[in-house]
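Based on the hints, put chain B in the right spot on chain A.
Quick note, the sequences are listed as chains A and B, same order. Note that our numbering numbers the first sequence so that position 471 is 471, with each residue one more than the last. Note that our numbering numbers the second sequence so that position 228 is 228, with each residue one more than the last.
Think of the hints as simulated: they come from the structure by calculation, not from any bench. Certain hints may be false.
Partial list, computed: chain A residues near chain B (C-beta under 10 Å) [as the list claims (entries may be wrong)]:
{"id": "1", "residue": "Asn117"}
{"id": "2", "residue": "Ser121"}
{"id": "3", "residue": "Ile122"}
{"id": "4", "residue": "His133"}
{"id": "5", "residue": "Arg142"}
{"id": "6", "residue": "Asp158"}
{"id": "7", "residue": "Lys461"}
Coverage of chain B stretches by chain A, computed from C-beta distances (three or more under 8 Å per stretch; other residues unrestricted) [to be verified]:
{"id": "8", "stretch": "96-108"}
{"id": "9", "stretch": "153-165"}
{"id": "10", "stretch": "259-273"}
{"id": "11", "stretch": "364-375"}
Below, computed lysine-lysine pairings styled on DSSO-like, alpha-carbon distance capped at 27 Å [claimed, not checked]:
{"id": "12", "chain 1": "A", "residue 1": "Lys157", "chain 2": "B", "residue 2": "Lys438"}
{"id": "13", "chain 1": "A", "residue 1": "Lys270", "chain 2": "B", "residue 2": "Lys270"}
{"id": "14", "chain 1": "B", "residue 1": "Lys67", "chain 2": "A", "residue 2": "Lys499"}
Glycine residues also receive a C-beta, built at the ideal position from the N, C-alpha and C atoms.
There are 2 protein chains.
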Amino acid sequence: MAITNHLENFCPKTVEAFVQKAEALTPTLIQKTVFPVSLGTVFWLDDDWVYQKKEPIAALNGKSFGKGERICVDFGDHRVGYLSFTLSSIGSPPDAPAYLRLKFGEKPCEIGEESENYQGSISSSWIQEETLHVDVLPASVRLPRRYAFRYLEILIKDTSPKYRVTFSDIRCETVTSADIRNVSPLDLKDADLIDMDRISIKTMEDCMQSVFEDGPKRDRRLWIGDLRLQALANYRTFQNYDLVKRCLYLFAGLTQNRGRVGACLFLEPKPMVDDTALFDYSLFFVSCLFDYYKETGDRETLLELWDTAYRQIELSSERIGEHGVVLDSDDWWCFLDWNDELNKQAGAQAVFLYTLKQARYLAEEIGDADRLHRIDTSLLWLAKGAKEVLWDETEGFFVSGTKRQISWASQVWFVLAGVFEKSQNQALLRRLLEKRPKVGMVTPYMYHHFIEALFCCEMRKEAIDQMKRYWGGMVKEGADCFYEIYDPDRKDFSPYGSKIIHSYCHAWSGTPTYFIRKYVIP
Amino acid sequence: MAITNHLENFCPKTVEAFVQKAEALTPTLIQKTVFPVSLGTVFWLDDDWVYQKKEPIAALNGKSFGKGERICVDFGDHRVGYLSFTLSSIGSPPDAPAYLRLKFGEKPCEIGEESENYQGSISSSWIQEETLHVDVLPASVRLPRRYAFRYLEILIKDTSPKYRVTFSDIRCETVTSADIRNVSPLDLKDADLIDMDRISIKTMEDCMQSVFEDGPKRDRRLWIGDLRLQALANYRTFQNYDLVKRCLYLFAGLTQNRGRVGACLFLEPKPMVDDTALFDYSLFFVSCLFDYYKETGDRETLLELWDTAYRQIELSSERIGEHGVVLDSDDWWCFLDWNDELNKQAGAQAVFLYTLKQARYLAEEIGDADRLHRIDTSLLWLAKGAKEVLWDETEGFFVSGTKRQISWASQVWFVLAGVFEKSQNQALLRRLLEKRPKVGMVTPYMYHHFIEALFCCEMRKEAIDQMKRYWGGMVKEGADCFYEIYDPDRKDFSPYGSKIIHSYCHAWSGTPTYFIRKYVIP
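In isolation and in its complexed conformation, chain A is listed as follows (with noise of 0.2 Å):
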C-alpha cells in the first residue's frame, strides 16, 4: 500500500506495556548466505524488459571492468538481504576511486529501465539504485541498506586509464523470521497448484521480518490489512505465532487519536503508528485478534486486547447513518481495493458486518455480555441497512454510493459478511461471474477475498478456477514471488505510473498457500 492521506491534529495514544511486550517478542532473523548463479544482461524482448543468461556464475573469474563496462548478475530467485562483493584491481596501482552504480531488481525491468526517466506517483526514492566511490582497493564493499532483489546491476561508471576492476565474492545475506523447516510438505498432485503454493510461501518467507512487512522492497511496513493476510497463510505454513502477537500488540500500543488503530506502523527509528486512517483497516485489528484466538486459543492475549478490538467497532459505529448504513464520503476513508473507481460504501458496510460477527464470537468466549448485547444490536441494525438500502433486488446486486455503483468488491464483502444464507450467496456470485461489472478488481488483495468468498461457499473449482486464471497467470510469467499488483489482461497496468516502482514480492499476494493448506488438500 501507499497512501497519501493523513489525519488533522494528529495525536497517537502509546500503551507502554503493549509495546514492550511486542519488542520482548522480536524476532531474531536467520540469516543465510546465497550467491548469483549466472552472469547475463538485460534487454526489451517484445513488450517487457527479460534477463537472459550468457555464462555461468564462475566466468566472473577472470573478467575485468573497465568505464561504461557493467555486469548483470541473477541471484536465481527473489532475495531480501544485504549485499556485499569484493572489488579488486588490475594494472597499475589505482589512482583513482571505484566509482560504480548499483541497481538492484526483483524483475529485470529494474535493470532495464532508466531510474532517470521515473515519473511515477510514488517517490523514486524507492528505486533500489546506489552510486559508490570506493577510495582504496581491494575492497570488501558491503552495502549498509538491505535490498529485495534477484537482479544484481553493477555499472562501471569510471576507474582510471591505469586500472580496471574485478568482482569477486559477490553475495548476498538474506535474512527472515520465517523459518521454512515448520512448512509441512504439500500432498498434492496438481503442479499448478505446486508452484502457487511454493511462490506463496516464498512471498510470505520474504516478507516476514522484524514484522510482517507489506513487501520488502517498499514499503517495508507493517498494514494491518497485508497482516491480516499474512498471519492466515502464516498459520498455515511458518507458524511463527510469536510474530503475530508481537504485531497485535504493536498495534494495540500505538493507537491514534481516541485509540483508533492505525493503518500501518513505522518500526524505525521506533515503533510508531502512521496518521494514516482507514475505515477497514482499523476494523482489521478484531479480525487479525479473532483469527488469532481462533488458531493459538491464547486467552491471555484476548483478554489484554479485546478493550482495543472492541473501540474500534465503537468508533466505526459513529458512522453509521440513520438508516443503518455506513456514510460514504469523497476523501480516502477506506481502502478495500486500488481502483480509484471503486465507490466504498457498501463493502465498508460489509467490512463492518464481518468484523461484527468475529467480534460477537470473542464477546461471547470472554463473557462480555454487555457488549455482546450492543455488537447484537448492531448486527441487526447493519444487517437491516444493507438489505434494505444497499441491496438492489431489481439488479440482484448490492449497490453503493450515491449513484449505486455495483462493483466486485462489493458483492464478494457482502458475501463475506454472510448477509444472506449460503444459497444466495452463492447464486449472488455466480450471478457476479455472469454479468462481469464494469467496476473490478485490481490487486491480489481484493482476488484473495473473491476466492475466500468462492471457498465459503463451497463453489471449490470456481475458486481454484480463478486462483489458476490469476496467480496462475503470474506462475506463467516466471514469478519467484507474487506481486503486489497485477492484472491478467493488462499487463502494463501501474496505479503509479512506472511499473519499476512495483513491489513483486508483495504480502497481500501471498495467500494461495493459505487456500491451498485450508480448502483444497484433503
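Positioned in the frame of chain A, the structure of chain B alone reads:
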C-alpha cells in the same frame, strides 16, 4: 599530478625496516569541528560560477525542503574532513526514504557544472558527488569519505508527498597533521604578501595529512615533486620534521625496479610505490634528503638513506649520452611542468646537475670519498655537456631536444643548477624576462622554480613582482588556497579538459610562504 605512463615488468622492492620506521612516524591527525557560515546560491556570472550569500546559516532553522529543492552552504574557507549533519522530517512520518545528492566544491564551478557533462581526461571518479538514501529519519548522517571543499550543495532528489526534510548541525570534522601553533607571526607590512603567506600556509595545512599529499581533493597522494616543495615550506612554518622523515623513509623503503625511487606512493590499503617513474622525480629524493639534513642535522637519517639517494644518481647516470648530455626520448620520462610542448632534455640535464651538487655536499658530510670522486667526475662531465651541447651562444639561451627548443623551464633550471656564475645567470634571467620565449610555464610548480631562481640571483624585486603577478592573481580571484593549475593570462585553461576536476588546494602551489619567510622578511 595525474600521470598515465607506467613501467614495464614492474617489480617493486621493499625495505621492511624503512617502512616500519616510516609507519612508526604516522602522525596523529589534529581534528577540529567547523560549521558553515552562510546559505546561498551558485550561479553563472560573466565568465565563471560564483557563490552568493543569501542568508546567515542560522536561517536554516525552520526551513524545510521537498523534492527538487536544494540548499547550498558556504563553510567560510577551504576544509578537508568529514561531513556530518542531522536529517529530520516534518509532516507525516516518513513513508519513503529520503534521497539526497551531495556535491562538494572547493570552488563554485564544482557545484554549478553538471557532473554528468564532464568529459575531461582525468577520471570522473574524483568529482566529489554522492547520492544517498536515508531510510530512517531523524538520522545522524556522517559520510565515510573525506572531502576537500568550501561549498556544499544538497539536492533533495525525493522525499514523498507526506513529508519534507530539515537539516541541522551541518558540520565538518577537519583533519590535518599541521599544527598551526608552530607558525610564527609574520612581521611584514605588504598586504599582498601577507595574504599570500596566509593562503599558502592554509594550502600547506590542508595538504598535510598522514603524509604530504599533493592535493586533498585529488590525487591525495605522496608525490616526491610536491613533497620537496612542501618540506621547504614546512621548515619555515609548521616545522613538522617527523612528517618529512616519514615520507623519506617511505620512498626509500618502497622503491621500484633496481632501487629506483618512484614518482609517487600510495598509502592505502598499505603503503606501496606506484609504477610511474620520472627522471627528475627520482633525483629529487636527493634534494629532499639534502634539504632535510640541512634543516635538521639529523645525521642518523642521512646515513641510513644515503645509499638510496646515491642509487638515484647511479641510475640517472645511465641516461647520459656520449657528449655528457641526458638522452631525450618521446615517452613520458621526465615531468618538469604540465606543458605538452615542453621538451624535457635541457631541464632534465639541469635537474641532474642541481641534485648532483646536493649529493656532493652529502657525500662530503658523510665522508664518502669514493662516491664524492665519482660525483665530481659526473659534475664536470655534465656541466661540459650542458655548455657545449645545450648552450646556444648566439641565442643566449639553453636549447633542448633535436629541435633546439628554447623554453622558460630550461633556463630556470639551468640557473638553479648553477652552471654559470651569478652575473651570467642574472643576465640569462633578464634576457628571459625580456624575450619571453613562447614555451612558457603553466603550473605553480614550475613558477616556484622560476621565483627560486630569481631570489638565488638576488633579483628580489623581480621575484616579488612575479609572485604578485602569479599568486597575487589567485589572491585577487578570492582563492582560499593556491591552485594546482593557474595561468593568469588564460583563466579558463585546463590541461584536463575541465576545470571542475582541478585541485584548488595543491601543495606544489603553496610555496609563497617559503619565499616570503626565507627571502623577503628581514
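Evaluated hints:
no., hint, in the structure
1, Asn117, "14 Å, violated"
2, Ser121, "8 Å, holds"
3, Ile122, "7 Å, holds"
4, His133, "6 Å, holds"
5, Arg142, "12 Å, violated"
6, Asp158, "4 Å, holds"
7, Lys461, "41 Å, violated"
8, 96-108, "holds (count 4)"
9, 153-165, "holds (count 6)"
10, 259-273, "holds (count 4)"
11, 364-375, "violated (count 0)"
12, Lys157(A) with Lys438(B), "39 Å, violated"
13, Lys270(A) with Lys270(B), "41 Å, violated"
14, Lys67(B) with Lys499(A), "21 Å, holds"
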